[in-house]
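Student: Spelled out, the chains give:
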Amino acid sequence: MSSSALVRHPAEAEAPAAAAEQAPAVTPPHQTATFGAMAARWYRLNKGRLRAIAVGSISLIVFLVAWHLLTKYRVVFFVRFTNVPSPLAVYDSFKRAIHDPMFLMHVALSCRRILLGFTLAALVAVPLGLVMGRFKLIHEMIFPVSEVLRPIPAIAWVPMAIMLWPTNEQSIVFITFLGSFFPILVNTLHGMTLVDPVLVRAARCLGAREAAIFREVYFPASLPHIFTGLTVGMGVAWVSLIAAEMISGQYGIGYFTWEAYSLVQYSDIALGMIAIGVLGLTSSLLIRAIGRLVMPWGRA
Amino acid sequence: MNLIDTKSAAATTTKGHVDVKNFSLSYETIDGSFEAVTDTQIHVKPGEFVSIIGPSGCGKSTLLNAVAGFLKPTTGTVTVDGELVKGPSAERGMVFQQYSLFPWKTVRENVEFGMKMRGMDRSQRERAARTLLGLAGLEAFEKHYPDRLSGGMKQRVGIVRALATGPKVLLLDEPFGALDAQTRVIMQQILTNMWQRLKISVLFVTHDIDEAIFLSDRVYCMTARPGSIKAEIPIPLERPRQQSMMMSSEFLALRRGLMSLIREESLKAMGGEITDLGMQGLNIELQGQSLADVL
Ligand SMILES: Nc1ncnc2c1ncn2[C@@H]1O[C@H](COP(=O)(O)OP(=O)(O)O)[C@@H](O)[C@H]1O
Ligand SMILES: [Mg+2]
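Respectively, the protein sequence lines represent chains F and L. For the first sequence, our numbering gives the first residue as 1, with consecutive numbering after it. For the second sequence, our numbering gives the first residue as 1, with consecutive numbering after it.
I should point out that these hints are in silico values taken from the structure, not numbers from a laboratory. Model, not experiment: these values are computed from the prediction. One or more hints might be untrue.
Stated by the list, open to error - Straight-line alpha carbon distances no greater than 27 Å define the calculated DSS-like cross-link-like pairs of lysine-lysine that follow: (1) F:Lys-136 <-> L:Lys-72; (2) L:Lys-116 <-> L:Lys-15; (3) L:Lys-116 <-> L:Lys-105; (4) F:Lys-136 <-> L:Lys-86; (5) L:Lys-45 <-> L:Lys-199; (6) L:Lys-143 <-> L:Lys-116.
Just chain F, with the same shape it has in the complex (with noise of 0.2 Å):
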C-alpha cells in the first residue's frame, strides 16, 4: 500500500464511488525509477528501522568504553570495580571457553534443561489455559490452588524439589517448569476471556458445534496472548533455571558462574553472565519468530 501511495496519479483522486471502494490498486510508476531514487525511497521508508540501529550500536559501543574504563583504571565510588575484568579480559576468556568441550556441555545441558522445562510447561499451561477460560467449573476447581501457587517463586521450590524428584536432574526441570508454567497460563486466560463473543456468534449460526468453536475460534483468538505468555515464561523459565543450577546443580550455565566466583575466575563470571543474557535473548526472539510464522494474520 504504502508504495503505491507515494506514485499516486492525480486521476486516481476523482475515481468513481464504487471504484473507491476497492483498494488502490498498485500502478505501476510511469518512469523507470533510477538507483538513486530507489536509494532514497528505501531510505525513506526505512529510516525509522536505520535510526534504530545506529542509537542501539552507539549506546552499545558507550557501555563497552566505560566498562573497559571502568575496569581499567580500577574505580571505586561507592560500588568496587577493583576486581571486576575488563572487556578484553573477557573476550580472551570467551575465546577459550568456546573450545573448552566443559563450557559448551554446560551451554548444552542448560539449553536442554530449558528445553524440557519450558515445554512440558507449554504443552500443560496453554491447554489448562483454553479449558479454564472455556469451562466455568474447571475454573472455580483450579483457580483458587493456582493462585495460591502462583506467587511463590521457583528458588523457593528448590528445597521442596528436591525432596520431590530423586535426581538432581528433574528437580531442576521441576524448578523450571513451574517458573514458566504460571506466566502461560495466566496469559493463555486471560486471551480467553477478550475472546469477542461477536465471532462465537457469528460462528455458531454458520453451523460451528462447540468443538469447533473451540478449534476455530477460541484458540486462535487467544494465540497472541499465549505467545505473550510463551514469551514471558521463557524469560522466568531462564530466571529459575539459573538459580537451580546455582543452588543445586553440578552442570549448567548458572552452575558454571557461580563456580567461577569460587574459583576466583572473575573473568568467566562475566562470561557466564553474558552467555546466561544471550542465550535468554536468542531464545525469546525465537519464540517471537514462531509466533509470527503461526500468526501471520497479525500487523507485525
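Starting from the known structure of chain F, fit chain L with the ligands onto it as the hints suggest.
Tutor: Chain L with the ligands only, in chain F's frame:
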C-alpha cells in the same frame, strides 16, 4: 452445492418462511424483569425482503436475535418453515453490525467456514467460495486478511460468508450502520443484487428509513418500550430498483409516512410524555441532544 440448489429453485422458492407469533421477550435485570419486546407478530414469506425499522433501543436486535436462535422468547414462538427455532443454525445466516470476520482467516477461508463446518471437502468449498466472492466483486481479495479490508468490504465478506452455507433466511442487524453514506448506497445495491440472484428470504434491521424503503418488499415499523409492531407498510416500488427512484414522488410519499411514524416513536422513547407532534422539524434541545440528531 447448496448455492446452486437455491439458484435453480429461484422461480419457485418455497423455503424460508419465517413466522413470529405472539412474541414477547423479557430480560432479567437486577431491577427485575424488563420487557424489551411485547406482543409481536411478524412473518417473512419465502423469497421476500422484509425490514424492521424503529428507534434505537426499541428491541429490533432482540427480535432478530430470537429469530437467529440466540435468545429464547419469553412467550410465543418463532418458526421457520413450520419448525420451531431452538438455537442458532446455519439455516439462518446472520450479519452483525460489528464486523465479525475471523481475523485469523483470509477472506476466502472466512467464506469457506460454514461449508467446512458441514464437512464439505476442500476443493469443493474452495470453488464455491470463489464463485460467491465473484458475485460480490471480491475475488481479487480472497487471500487478504480482514485486517486489510475497508469497512464496506468487511461487511460484504460477512454477507457472502452468511450466504455460503445456503441458508433459508438471511438476518441482518444494521449491517451498514457503521459505513459512510456513499459506501452504504453501494452496499445496498450489492445486497439487492445478491438477494435477487439467490431468491432467499431476508429480514433486515435498520434505523435508516431510506434504506428500508429502497431495499424492502415490506417494512415493519416498531414502537418503543416495550417494542411491538406499530405498522406494516408494503413497498410497491418496482424492481430492479435504481438510485434515481429515491427522488420519485412514490418514494417520497412512503418516506414521509414512515418518517412521521418513527418520529412519534422516537419522541416517546426519549421524552416519555412528550408526544406533541407539533414539534416536528424543530431544533428543540432534549436531554442535551438536538432533536434532529436523534431522529
Ligand atoms: N442483555 C440485556 N439485558 C437487559 N436489557 C437489555 C439487554 N439487551 C438489550 N436490552 C434492552 O432491551 C431494549 C432493546 O434492545 P435492542 O433489542 O438492542 O434494541 P435495538 O436493537 O432496537 O436498538 C433496550 O432498552 C436495551 O437496553
Ligand atoms: Mg440493535
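Student: Against the earlier hints, flag every one the structure doesn't satisfy and list their numbers going up.
Tutor: none
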